[in-house]
Structures are given as structure tokens and as C-alpha cells.
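Undergrad: Sequence:
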Amino acid sequence: MALPYSPKKLFRFFAFVLLAFALLLCIPLFFTSTPPQKPQKPPIQQQQQQQKQQLTPPPQQQQQQQQGQQEQQGNKQQSKPESIPIPHKHVFNEWRWPQFENWLQDSAWSFPIARHHHQTNLRHSSQPLSFIRSLQTYTIQGHDPTALSGLVANKPLVADSNKLDITAIISVHSKQEAIQRINSVLSQSIQPSNIVIVSQTHSSTSIEEYVKELKDPQSASSLLLLSQLSSSSPYSSSSPSSEQQEIQLPPLQYISIDTPEDAPAGSAASAAWLQLLHSVESAWVWAVDTVVPSDELENIYRLMRTSEYEHALVGQRGVLLPANLNKDPATAILCLPDALDLLPRVTQPVDMVQGAWLLKRAWIPYLLADRRPDSLASPVGHFVSQNLLQHANIPTILAPFEPSPLRSSSSVSADQQQETAECLEVKHAFETNTQWQTLLAKRTSPSALDSRQITVRQHHDKHSAVFFADGPEQAIALHPLICRFNQTAHVVVTGHSRGGLGGQALQLAFDHTNCSTSVTIHDLDLEPLDDLALTSAVVWKMTRLIQVIRPQILIHIQNPMDDALAQMASLQHVVAIALPADDVRHVLWIADLSLETLQFWHTIRIQLVVITDRRPHSLSRLLQSSGRAHFLGDKVNLVVHMEQSADRVTKMLVNSFSWHHGEKTIRHRVRKGGLMPAIIESWYPNDNDDYAVLLEDDIEVSPLFYCWSKYAILKYRYEQSNPALYGISLYSPRNLELLPEGRRPFDPALVLEPMHPPRMPYVSQVPCSWGAVYFPEHWREFHDYLTSRIEDLRQEHLLNITVPGSRSDRWKKSWKKYFIELVYLRAYVMLYPNFQHYESFSTNHLEFGTHVKKARLQVVIDNFRVPLMERDTIIDQLPGHRLPAFEGLPVLDLWGRLKTHAMLQDTAAVWHRQVSACARTHGRYDPQDLLCPFPHSRQEIEASLAAAAEAAELKRRLKPVKTKEAVEHIEYVTVYVAPDSEKQQHSLSVEQEIQEQEDYLPKPIDVSDMLSLEEDHGFEDDEMQDLESELDRLNRLYYHVYPLSWYDGAPANPHDRNVYRSDDGLTYY
1 MALPYSPKKL FRFFAFVLLA FALLLCIPLF FTSTPPQKPQ KPPIQQQQQQ QKQQLTPPPQ
61 QQQQQQQGQQ EQQGNKQQSK PESIPIPHKH VFNEWRWPQF ENWLQDSAWS FPIARHHHQT
121 NLRHSSQPLS FIRSLQTYTI QGHDPTALSG LVANKPLVAD SNKLDITAII SVHSKQEAIQ
181 RINSVLSQSI QPSNIVIVSQ THSSTSIEEY VKELKDPQSA SSLLLLSQLS SSSPYSSSSP
241 SSEQQEIQLP PLQYISIDTP EDAPAGSAAS AAWLQLLHSV ESAWVWAVDT VVPSDELENI
301 YRLMRTSEYE HALVGQRGVL LPANLNKDPA TAILCLPDAL DLLPRVTQPV DMVQGAWLLK
361 RAWIPYLLAD RRPDSLASPV GHFVSQNLLQ HANIPTILAP FEPSPLRSSS SVSADQQQET
421 AECLEVKHAF ETNTQWQTLL AKRTSPSALD SRQITVRQHH DKHSAVFFAD GPEQAIALHP
481 LICRFNQTAH VVVTGHSRGG LGGQALQLAF DHTNCSTSVT IHDLDLEPLD DLALTSAVVW
541 KMTRLIQVIR PQILIHIQNP MDDALAQMAS LQHVVAIALP ADDVRHVLWI ADLSLETLQF
601 WHTIRIQLVV ITDRRPHSLS RLLQSSGRAH FLGDKVNLVV HMEQSADRVT KMLVNSFSWH
661 HGEKTIRHRV RKGGLMPAII ESWYPNDNDD YAVLLEDDIE VSPLFYCWSK YAILKYRYEQ
721 SNPALYGISL YSPRNLELLP EGRRPFDPAL VLEPMHPPRM PYVSQVPCSW GAVYFPEHWR
781 EFHDYLTSRI EDLRQEHLLN ITVPGSRSDR WKKSWKKYFI ELVYLRAYVM LYPNFQHYES
841 FSTNHLEFGT HVKKARLQVV IDNFRVPLME RDTIIDQLPG HRLPAFEGLP VLDLWGRLKT
901 HAMLQDTAAV WHRQVSACAR THGRYDPQDL LCPFPHSRQE IEASLAAAAE AAELKRRLKP
961 VKTKEAVEHI EYVTVYVAPD SEKQQHSLSV EQEIQEQEDY LPKPIDVSDM LSLEEDHGFE
1021 DDEMQDLESE LDRLNRLYYH VYPLSWYDGA PANPHDRNVY RSDDGLTYY
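Numbering of the sequence shown is given in the UniProt record's numbering, commencing with residue 1 and proceeding in unit increments.
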């Protein structure tokens, strides 16, 4: 019976099945922590393998780690993608990862870019990274040998020729090396178009004679070489019937070059071939410094012509230096491909390639850019890779091609021995080459593994910041902030030539001050340069560092390089914060904020809004105190709103005042509207990052008011956002103003302690009108709410919104009355400072003009004033030396009673049902749900309108007619003169006529003769009128509680309060 398949075909079929099954069994070995078995190695490689095994944890520890990882993956299966499981936090140790025994436990060798990392800087859109850039940052997996073979197979060589436009430069030191290396170059599967043999002058005689013999086709050396190439080439046909191809040598040239005698062996200074690069005219240069495999040139050439690797220097033998940003001295050099038993066998970045470099002619200018002695003293492979990386952003990539199946096992073993010898040379240079060690110690050339360290850290939400200091003065200014920084920090200095401060000196300073735990110092080591060249050098080197470190924040002292640094940081999607040197001590709270929060540093825009009328002296005090504030290098605009009745002195003051911190804008009303429209219409936010500090002209601010404002905004708006917070108060109140019985003294310590620590900031529902920052969403909502409320009061009076038990219901013309309604119904709160002795960032001088006439009331007025914080003790006084979390802040209602946010919400929800017919909404910043009146009958509406009209008519009749002097009081005096003659009578008539005409002309104002200031009560805020009316009663109450007045020299203790029943029957404390 004939079989459908021949035995030979069946054998091939079963052999294929067995091979596929074996491959399936081998695949899991790649994903386990135990490396696969390798063929027997030479003794040196066995010794290296033993050293690597010492780094591997014990099997019991591995089993525990694997079990913990499996449990962790099981718990987080629903929240994390299966392709990249996040290990338990204890697995990640940032100082252990370069030892490589735990890269599988970290779940991957490369880490795709986390979504949150792209969204950390919300003001910049991150562009997709190229493949080679992703490979540099270990955010994409490289190609394995199978994928590489497919990649290069699809890239054909140049058509109609197997000799390409490649010049091979072979570096030799002896005749024996020349024979071996020339033979390896001529054995390549593709031939270079030209070959140049270069050596040092002292060894040139024998080498030159050998090259001359090769040029003669009839010489013994030439014939021997051709015979060896013909018999040993694995790419020649082995069939006896095929014709042997005639082998022709490409043009040969020999050059001898002098090199420094004291140059370290294997360094760039001793590499004679580097001096020939400028004379090469071919498109490619292949520098050979060892015996290379016969398929290397073709593999590398094809790969570097693909779109994935066309912008990279590619080699088959590479070196990974220890992480330069890592302080663990236990890590050592890894040579590839020998170390690929510890690493995945894929294309990956390396710090240098060895033995052979295939270079594009366009790269040569960048390659020869750095001629410093310490750079030339480094190994030639490191010199080549670092120059291309630093000057052209061309990385070095290792390509782990599999050996050709046509190569013999002896040649593969010889290659392994050669790789081992080259690796030992690099390790020896790493341990003995002091100039190279000094160059690496400056940390301006981050290693390839540094990029993976940064990616691993970011994958575990561990980010960093960079501090830049040009000279010792800037380093001293930044020192306290760096020492307080509790996150990973990199400090970059310009070097010893810029004031004598180098990296080593700064490291010693940090060591002596115990603040070098998480600080890595980078020394740019710049030469003395002019300003323009210095800026260019700093930007160029900082760009390379930032590309590797990938920080979120760059902090530096303001200097002439600010614009260049800001532009560089913007291109790298890094937020640059330029601080004045004198202001650094006032922003130590930066260390308490997350790096994600600090990225909004320039997003925040705070403007000062000043409202003034006819108080030039008060306005001058406010403007001067504002100008002395620490604005931290920010641009802060000033807007001054003058009332219609502002006098000439006020206008002159505003016009002549110089504001150096931003733009100054002046506005003047043409119709007097009073304080409420003056406040409300003074500011309307452009967006949700626009903030305003509202200041009346009798306010004075502390030099630290901006520091407090920005710290609180960053903390509670961008790090911990809560829609209930509507502003930041600069003032610490001493009185409760909304009690029905009137204002009473208030001490937050009596309310907060001992439930909360001393000096604990708190949030209160009461809006502050004596210096405060208001938030944009809430202010826009208040605008809409007030517009509807005023419109209703003018028309139908359908809304019946009140605050039960609040004295603000008596205020008819105060903007705070309506703001209190809004915050009560929304459960909004404002942050208040709580420092010792009511120390504040603003105070009110309560200048009522002629209404405060009694000197004995001055004591009561002083009780409303608070001391300004002149010395920066914000951090020192805060509990824990930082602002607490928003959830931990004490909450006070309108009457100073301790509550919770939930209690405020419940109260607001209950009262909402009493004043509005619509369902309550929250978090939309839309007041429409508050403005829904209950249904009214037609008779009720008409009665309400009639009552309102009758009240308006009565008010119009009773209101006295007021006259107002336009310039100053003018008195007319009539004088009767008896003329002696007609001439005198005519002269007096002419004089009288001229005088009558001058009465209609404007008169100059004499400031000394101006009338004393007296506010028009028709336009005055009735909240202030309410305060004025209580001054006498508060004065009597004060002297009763404190019999020994301050005038008697015995200041009373505000904590020792007695119960007192006043004449009006109310009990005070």
C-alpha cells in the first residue's frame, strides 16, 4: 500500500513538530527569574557568572517575593492592566534596581508611559515619542533577534552593486593585528568601497610594508590573503559545480599618525582613526578596532537604514555603565551581549559600543566637537557615544543579532573570547582611569541606565525636581529650600570657574549640613565665558540633563539667563520657577507641596484690586505697603477703582504711583454708586485661574500677604480642591459681627482648643471685607446671584431670602449681606489665619472721618486693628510646620460656632426649602436653584408692588435736598463805595465787571484749605454705619470688662473675661 507521504517528508514533519514543541517549552524561561542555561563558557566568563549569582537573592527569598507578587497581582487585577502589573510598594527599591536581579519582579524591563505622567503638566500637550526616543527612556520594548532579522531582511542594499559608499578605517598597532583585522573586514558579506589602515608612528614600519605587499596582486601576502578569503568565506558557494567568484581587494591606503604618548591605552586621545574623520568623503565611515564577525557590517548597515534606527549609533558589542545618578557603589559594569543572560535579549540603549563604529558622514562634526582633555582621556567608545548623544541627541543602541548559522563554532567562540577581553579592558579603565572617573563624577553625562531608573521611578509615582545655581551666591540662597525638600532633587552648578563653587565643594557643604540624603549634584564644569556664550552652554547642557532626568520642576534664582532657561524648560515640558534671591526664605513651603501642584505655579494669576474715594493718605499707605510685599518674582497686576467723588489729590497720587510688579490699571466712575457696586464691579474673573485680592483704601497689608495667599491657593485649590472653599482671608478677626445682639469679642483659641493644636488655621462662613482673596467660580456665581436679587428688589419682591439669626439682614446696601446669603445657602467657607496675637496679613485702620469724634472711642477702634506679620513665621507657627489637609481644618459657622462641613450642608439644605421652590443643586456655581420664588396670587403681587411704590414715594418726599460744593466754599461780600468822581466810579464798575467774570472761571485748589473729609451717608455702606453706631456701646462694655484700661498702664488679659449684663439686658462675655 502506497503511503500518501514519503518517509522523508514524514520525518521532516515530525522533526518540525518536535522543534516547535521545544520552542514552546523554552518561551516561559524568558519570563522567569531563573536565567536559561548557556553553553560552557571560558573560565573568565564562569567567574563573572559566579559574581552575578552572588547578587541573586536566596531561593527562599525569591519564593516569598514571587508569592507576594502573585497575591498583589490578584488583589489588583481589577484596577491595573494585566500586561504591566504594579508590584507591591516594598518590592521597589530605587537604590537596588541596577543590580538587575529584580527587573522581572518589577513586572517589566520597559514601562509604557503612564497616563498620569502625560497629564501632570496640564498646560502642555505631550507629543508622542519616536521609537528611538521611547527606546532610550525604556518606555517601549526593543526588537528581539527574530524581529531584527525580519527588519533588516526587508531593507535591501543599494541596487546593482555589492560595494557600498563606505570607507573602512582599520586601526592597528602591530602587523599581526593588521593581518587579522584586514582579513575580518575583507571577509564581510558586503564590501566597503575603500579601506584605510591607520597606526601610530612608532609601529608604522612593519605595518606599512605589509600594506604595500597587499597592494601588489602578485605578492605572497596578497595571494595568501586572497586564498584565505576564498576558502574561509562562509558565503561562497560550497557546490563543486559552481564557479568560484573572483575576489578583488578594494583600494587600500596606509596612514601613520602621531598620538600623545601619555594618553591612556584605549582612550580617545590614543585613537588615531579619529583624526582621519574630517578627510573622509564617503557617505559612511566604518571604524574598526577589533576582529569583527563576517556578517556585522551588513547587519548594522541594513538596520541603520530602517526608519526605527536611522537616528542611532548601532553596534553588536556594548557596555552598560553603572547608573550615574545612583549612589549605590555595589553596581558594576555590564558588557553586552555577555550580560544578556541577566537582561532581555532585545535592542536596548548602551553607554558605548566597542570594536567597530558605523558612522554617517553628517555625524562627524558633532563627533569632534568636544576636545577637552578629560573627555579625550575616556575610552574611545565612550567618547564617540557621548559626543553624539550630547551634541546631536543620537543614542547608542545594542543590536543582539544571532550568529549566522553558516559560521563555525570555533569562530563564534573566538568572538566570545574577544568580547571578554574587551570587557576586561573597559573594567580596568573604569577602575584606574582617574580622568574618566572625574568626568563621570560630575554627573553631566547620565548613563543609559539612568534613563531606566527615571522611568521606573515615574512608574512608581516618584518624580524629581532640578535646582540650578550659577555661582556660590545662588547656591547659598537655594540651600535652605534644597535641604527642606523631601523629594528627589538634582542640583546643577556651573562649575569652579563661576565663583569657585564646583560639584565636590557643594557636596561637602551638603554633607556638613545633613541635607544630602536625596540630593544628586551635577557639575557642568563650564569654562570662563562671556554672557552670551555662557547662556548658550548652560542651555545646551541643561537640555541634555533634563531630557534624561525628566523632572517636573526647574527652580533657579533670577538671573540674566531667565528667558533662555524658561524657553528651554518649556520645550522640555518642564515648569521653570525663577525666584528672587531674597525671597527664597519666604517660600520654604514649596517643599510641602507636591511636584504636580508646583506645575501650576505660573497658572495662578493674582491681581490686586483697590477701591478708593477721597482718602489720599489712606490710599498712599495701602499702595506703599503693597509695593513692599514679596511677590516671589511673579507678575502681579494692580487695578485701582476711583469713585466719582475722588478728589484731585487722590487722582494725582494714583497717576504718579509707580508699580514695578506688573501692569497698573486706573478706572474712574462717572456716576457715584456707593461701596457695593464699587466692590462688586471692580473685578470679574477671566477664567478659573484668575484671583483677586479686594482691598479698600483704609487697609494696610503685610509684606508677606502674597506668600500666604499663593501658598494657600496652591495647597487648597490645586493639591486638595474643595468646592466649598471660596476665598483666603488676610485678616484675623477679633470680633463676631453677625450676632443678633451686636458685635462681640472673638478669640479662636477658646473655640478650637484643645480639640485642635494651637495656631491651627480654620475655615469660617463669614466673608472678609478687610483684605481677602476671592475665587473665580464663587465670585461669578455671586455676580449672577446679586444681579437677580437686585432686579427682584426693584420689581416684584417675590424672593424672600434671609439668613435666620444674622445681623446682616439689617444691612440693605452692603454687598456682604447678599454674599452671606449665598454662602449660608451653599455651605461655603473661607480660610482664616490663626497666628499668635492675631498676627495677620492685613489690617483695617477704621478711618470714619468726622464720624469718629470722641478720643475715648479710640481704644475700641484699636480692638479691630490687628498686628501685621512683618517677620516671616508662617512655617514656624503652623502646626507641623505646614498647612494641614483641608479635611483637618476646623469649621466655624457665621456665628463662630464649631461645626463640620456635613452640618453646614444639612443646615443649608433645610433652609433652602424655606426660601426656594427649586430643588437644591451643588457644585455647579449656578445660583438659579436659589432664585425660585414660591407661587404668589395676583393680589399678593399687586399688594407687594403697591407697598414698595408707597415706600419709595415716602422716601423721596422726606429726603432733604443736598447741595454739593464743586471746588471749595466761596463767600461773597458786598462793599458800598461812595465815588469821589466820575472817573473813580467808572474804574470801580470796570473792576466789578472783571471780578464777576472771574467768578465763573475755575479756581486753583489749596490742599491746606480743603474741607475735612465727611462721607455722604446716602452712599455709605450700612455695614460700616452699623459698626459706627455700636462704637459707643462697645466702648462702655470695654471699660466695664477691663477696668484697668491701657491708658492706666495695665493691659488687660483678654482671656480673663467676666460675665456682664449691660443696660440693654443682654449678657456679654
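Check each hint, because a few of them may be wrong.
Below 25 angstroms or equal to it, Euclidean Cα-Cα: the simulated PhoX-like pairs (lysine-lysine) are [what the hints assert, rightly or not]:
| no. | residue 1 | residue 2 |
| --- | --- | --- |
| 1 | Lys672 | Lys651 |
| 2 | Lys462 | Lys155 |
| 3 | Lys442 | Lys672 |
Derived Cβ-Cβ restraints for the label pairs, each shown as a range [what the hints assert, rightly or not]:
| no. | residue 1 | residue 2 | range |
| --- | --- | --- | --- |
| 4 | Lys427 | Glu213 | 51 to 61 angstroms |
| 5 | Ile364 | Asp876 | 30 to 40 angstroms |
| 6 | Arg372 | Ala505 | 32 to 42 angstroms |
| 7 | Lys155 | Arg361 | 51 to 61 angstroms |
| 8 | Glu473 | Arg920 | 50 to 60 angstroms |
| 9 | Glu473 | Tyr366 | 29 to 39 angstroms |
| 10 | Gln720 | Pro758 | 56 to 66 angstroms |
Simulated from the structure, these hints should not be mistaken for laboratory data.
Ideal Cβ positions, reconstructed from N, Cα and C, are used throughout, including at glycine.
Undergrad: Compare the structure with each hint and give your call.
TA: Tested hints:
The hinted pair formed by Lys672 and Lys651 meets the criterion: a straight-line CA distance of about 16 angstroms does not exceed 25 angstroms. Only pairs whose Cα atoms come within 25 angstroms are accepted, and Lys462 paired with Lys155 is rejected, the gap being roughly 41 angstroms. A C-alpha spacing of about 67 angstroms is found between Lys442 and Lys672, which places the hinted pair above 25 angstroms, so the restraint is violated. Hint check: Lys427 to Glu213, Cβ distance near 37 angstroms, so the stated range 51 to 61 angstroms is violated.
Ile364 and Asp876 have their C-beta atoms about 59 angstroms apart, which leaves the hinted 30 to 40 angstroms range violated. Arg372 and Ala505 have their C-beta atoms about 20 angstroms apart, which leaves the hinted 32 to 42 angstroms range violated. With their beta carbons about 20 angstroms apart, Lys155 and Arg361 fall outside the hinted range of 51 to 61 angstroms. Taking 50 to 60 angstroms as the suggested C-beta distance range, the pair Glu473 and Arg920 conforms, at roughly 58 angstroms.
A hinted range of 29 to 39 angstroms holds for the C-beta pair Glu473 and Tyr366, which are about 35 angstroms apart. Judged by the Cβ atoms, the range 56 to 66 angstroms given for Gln720 and Pro758 is violated: they are separated by roughly 22 angstroms.
Hints 2, 3, 4, 5, 6, 7 and 10 from the list above are not met by this structure, while the remaining hints are.
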